[in-house]
Amino acid sequence: MARAGPKMQPTALKILKGETRTERLNKNEPKPNAVMPVCPPIVKGYARKVWDDLGGMLLRLGIVTEVDGLALATVCVEWARYVKMVKVLEKDGAVWKSESGYKQAVPEYTIAMKSLGMVKAMLAELGATPSARARLSIKKEEEDDWGDLI
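Just so we're aligned, residue 24 is where the sequence shown starts under my numbering, counting upward by one.
Bear in mind the hints are in silico, worked out from the structure with no lab data behind them. Computed from a prediction, not measured in an experiment: that's the story for all the values here. Where hints are given, some of them may not hold.
What the hints assert, rightly or not - The calculated DSSO-like cross-link candidates involving lysine-lysine, where the alpha carbons are at most 27 angstroms apart (straight line), are:
1) Lys110 <-> Lys67
2) Lys37 <-> Lys110
3) Lys107 <-> Lys72
4) Lys143 <-> Lys110
5) Lys107 <-> Lys137
6) Lys114 <-> Lys126
7) Lys143 <-> Lys72
8) Lys126 <-> Lys72
9) Lys114 <-> Lys67
10) Lys143 <-> Lys114
11) Lys114 <-> Lys137
12) Lys50 <-> Lys67
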């Protein structure tokens with residue numbers, strides 16, 4: 024059954040956003056290691072290049088962890104699908120005329136838009152969009168870890 028109210032946020036994300044009220048932080052939340060996850064076999068070709076590039080950037084920011092592989096794979100595969108559909112649309116156009124004379128969007132347009140929506144949602148989940156990053160405040164290395172808040 025779905026939980027009422029806003030979606031829960033990870034403790035690390037709450038702290039990056041500046042939360043200081045310890046009663047709002049989950050002291051028992053799992054803390055996976057900030058390492059590059061194993062790339063699933065489905066991530067091939069152009070999607071693999073996106074995996075290496077985006078994953079490397081997220082790892083340098085300390086955002087991606089060992090358990091984020093499926094989320095990152097989703098971004099990579101869907102972005103590769105989006106790019107492929109855009110190339111088809113550029114070549115063939117986005118509209119076709121039905122037998123009755125009505126203009127309709129080609130299926131590739133629908134696929135591209137669904138893929139783009141999934142990419143946007145997953146990038147926000149990973150903290151990889153400008154608005155998602157604007158809510159973050161990453162500590163400098165010399166500062167103490169956030170253990171004093173919990």
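So, going through the hints one by one against the coordinates:
no., hint, in the structure
1, Lys110 <-> Lys67, "holds (18 angstroms)"
2, Lys37 <-> Lys110, "violated (39 angstroms)"
3, Lys107 <-> Lys72, "holds (14 angstroms)"
4, Lys143 <-> Lys110, "holds (19 angstroms)"
5, Lys107 <-> Lys137, "holds (13 angstroms)"
6, Lys114 <-> Lys126, "holds (18 angstroms)"
7, Lys143 <-> Lys72, "holds (18 angstroms)"
8, Lys126 <-> Lys72, "violated (36 angstroms)"
9, Lys114 <-> Lys67, "holds (24 angstroms)"
10, Lys143 <-> Lys114, "holds (25 angstroms)"
11, Lys114 <-> Lys137, "holds (20 angstroms)"
12, Lys50 <-> Lys67, "violated (38 angstroms)"
The structure does not agree with the numbered hints 2, 8, 12 stated previously, though it agrees with the rest.
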